[in-house]
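Asker: Letter by letter, the chains look like this.
2 protein chains.
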Amino acid sequence: MNYLSNTTKDLRRKSLHEELTQTLRDLIIHGSLPPGVKVPEKDLCDACSVSRTPLREALKVLASEGLVVLEPNRGARVSLITPQDMDEVFPVMGALEALAGELACRNVTDDEIREIQALHDEMLGHYRGGDLESYFSVNQRIHEAVLDAARNPTLTTHHRALSARVQRARYVANTTPARWAQAVQEHEDIMTHLRARDGDKLAQVLRLHLENKLTAIKQFLGRRGGVTGG
Amino acid sequence: MNYLSNTTKDLRRKSLHEELTQTLRDLIIHGSLPPGVKVPEKDLCDACSVSRTPLREALKVLASEGLVVLEPNRGARVSLITPQDMDEVFPVMGALEALAGELACRNVTDDEIREIQALHDEMLGHYRGGDLESYFSVNQRIHEAVLDAARNPTLTTHHRALSARVQRARYVANTTPARWAQAVQEHEDIMTHLRARDGDKLAQVLRLHLENKLTAIKQFLGRRGGVTGG
DNA sequence: TTGACAGATAGTTCATACAATAATGCCCTG
DNA sequence: CAGGGCATTATTGTATGAACTATCTGTCAA
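Heads up: the protein sequence lines correspond to chains A and B, in order. Using our numbering, you'd call the opening residue of the first sequence number 1 and step up by one each time. Using our numbering, you'd call the opening residue of the second sequence number 1 and step up by one each time.
There's no promise every hint is true.
Repeated chains share a single entry, so a pair holds when one copy, or any two copies, can fit it.
[Claimed, not checked] Below, in silico cross-link-like pairs of lysine to any residue (SDA-like), each with a Cα-Cα straight-line distance of 20 Å or less:
no. : residue 1 : residue 2
1   : K42       : T53
2   : K14       : R77
3   : K42       : P54
4   : K218      : A178
5   : K42       : D200
6   : K14       : G75
7   : K218      : P153
8   : K201      : G129
9   : K38       : D26
10  : K14       : A183
11  : K14       : E71
12  : K201      : P40
Since the hints were derived computationally from the structure, they do not count as laboratory data. Just so we're clear, the structure is a prediction, and the values are computed from it rather than from any experiment.
Working from the sequences, and respecting the hints, build out all of it.
Answerer: See below:
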């Protein structure tokens, strides 16, 4: 009875508030709940057909992830996407991805490298076809695969929390052809270093990847004039 | 009405569940709620004189921080401290502290350096006096000061969440004289590089600092035979 | 004596009711 | 007509109750 691992939760049935958390997270990431909007409890309760208790529990978790902001006695609102936020999030994200790259190079299997390579090739196809949505989707899976290969659930958890805030920015900031080409090139480098299992180089390019993405997003946010999502 | 910063929460009155979260966090960090124990809602409600609703909200947040584990329909228990956990947490912590060191060197003011130096000197006093508790306390404040100097609240938030898990380990693992001396030397290096505002070097030594701490703790956990706190 | 099933029990999950706080609109006054 | 104060309303915060799930215990059969 002593041996209840901390990671038992994988195959358990999800409870209501847990599903809700995921649902709301997705709504926020995909922009269905845009930055800045008030989120009255009752509306969400009606929309999701649940009572306030599990909903409030979900909101507390999302608040701890930084996706919503709770103002006591005045309710919740989806957090804004400001250039300052991006300046905060991206460096942290970069540090975590760099670490993931290092660890992945130590732990990744040949099979996993082949899988990631396949994803990479698929992504290139979407790039050539100009299919941005599919590109983003596969891109996301690549980064998640690298995280998996790092074999560090704690790292994955924190990365995922930040990833939500980063992804959200993608939905409000356009991708220029130049930036897109640059990103693809960076992914080529990522694959090169991963195949070579060169942890330092992979870490370096992952960090650069994030830095460049930040620059691109901030240029867009700057053009649109600061606070996004009102 | 558009300009509600995401960081408004500082000067607001805390709500019950928020205070509870902090209270429980402290109880867990200091070992009053030792790793592995079941945490029946009713007991905590009686102990804290609150109803179950805010308590449950607090537990959800602590679960998202990894301090408690929720097993659906079977309640919450304080998460265990295993060597595997430490292997997960410390590298992530190291990456975040390294980043903090880099950013701090860019942004720290002369006044802040003086303050941190003062803390460092105070800590040395506690070391010479053999006062481990005071040493830990000031040590903690030094690392927090570096985080503050990094000017990145997101980084601070994630660091703090991990820090709770790390600190907890300190309360179960003894500090050997050798390790203590080593840690003090590392702190000397930290101060040197911070004063020189050498971000790369500071990042490097902070990472090393965490790696060595991990080694020390794992040696202790290993000696005690694996899972701690049942 | 051991194993399994059934009932009882304790504890969690979700729903709802009540209380308190902030937002809104109206009226009154200057 | 404008501004401030008060009452009303809406929304959040907390408490409690109902239903469900897991666990424990005791009994019966092999």
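Asker: Against each hint, give a clear statement of whether it holds in the structure.
Answerer: Verification of the hints:
1. K42 - T53: both (11 Å within a copy, 17 Å between copies)
2. K14 - R77: Between copies only: 17 Å across, 25 Å inside.
3. K42 - P54: both (12 Å within a copy, 18 Å between copies)
4. K218 - A178: Classified as within; 15 Å inside a copy, 48 Å across copies.
5. K42 - D200: neither (50 Å within a copy, 50 Å between copies)
6. K14 - G75: Classified as between; 13 Å across copies, 26 Å inside a copy.
7. K218 - P153: Between copies only: 19 Å across, 30 Å inside.
8. K201 - G129: neither (30 Å within a copy, 45 Å between copies)
9. K38 - D26: Classified as within: same-chain Cα gap 17 Å, cross-chain 32 Å, threshold 20 Å.
10. K14 - A183: For K14 and A183, the Cα distance exceeds 20 Å both inside one copy (37 Å) and across copies (43 Å).
11. K14 - E71: Classified as between; 10 Å across copies, 28 Å inside a copy.
12. K201 - P40: Neither, since 47 Å and 48 Å both go past 20 Å.
In summary, the structure is inconsistent with hints 5, 8, 10 and 12 from the numbered list given earlier, while agreeing with the others.
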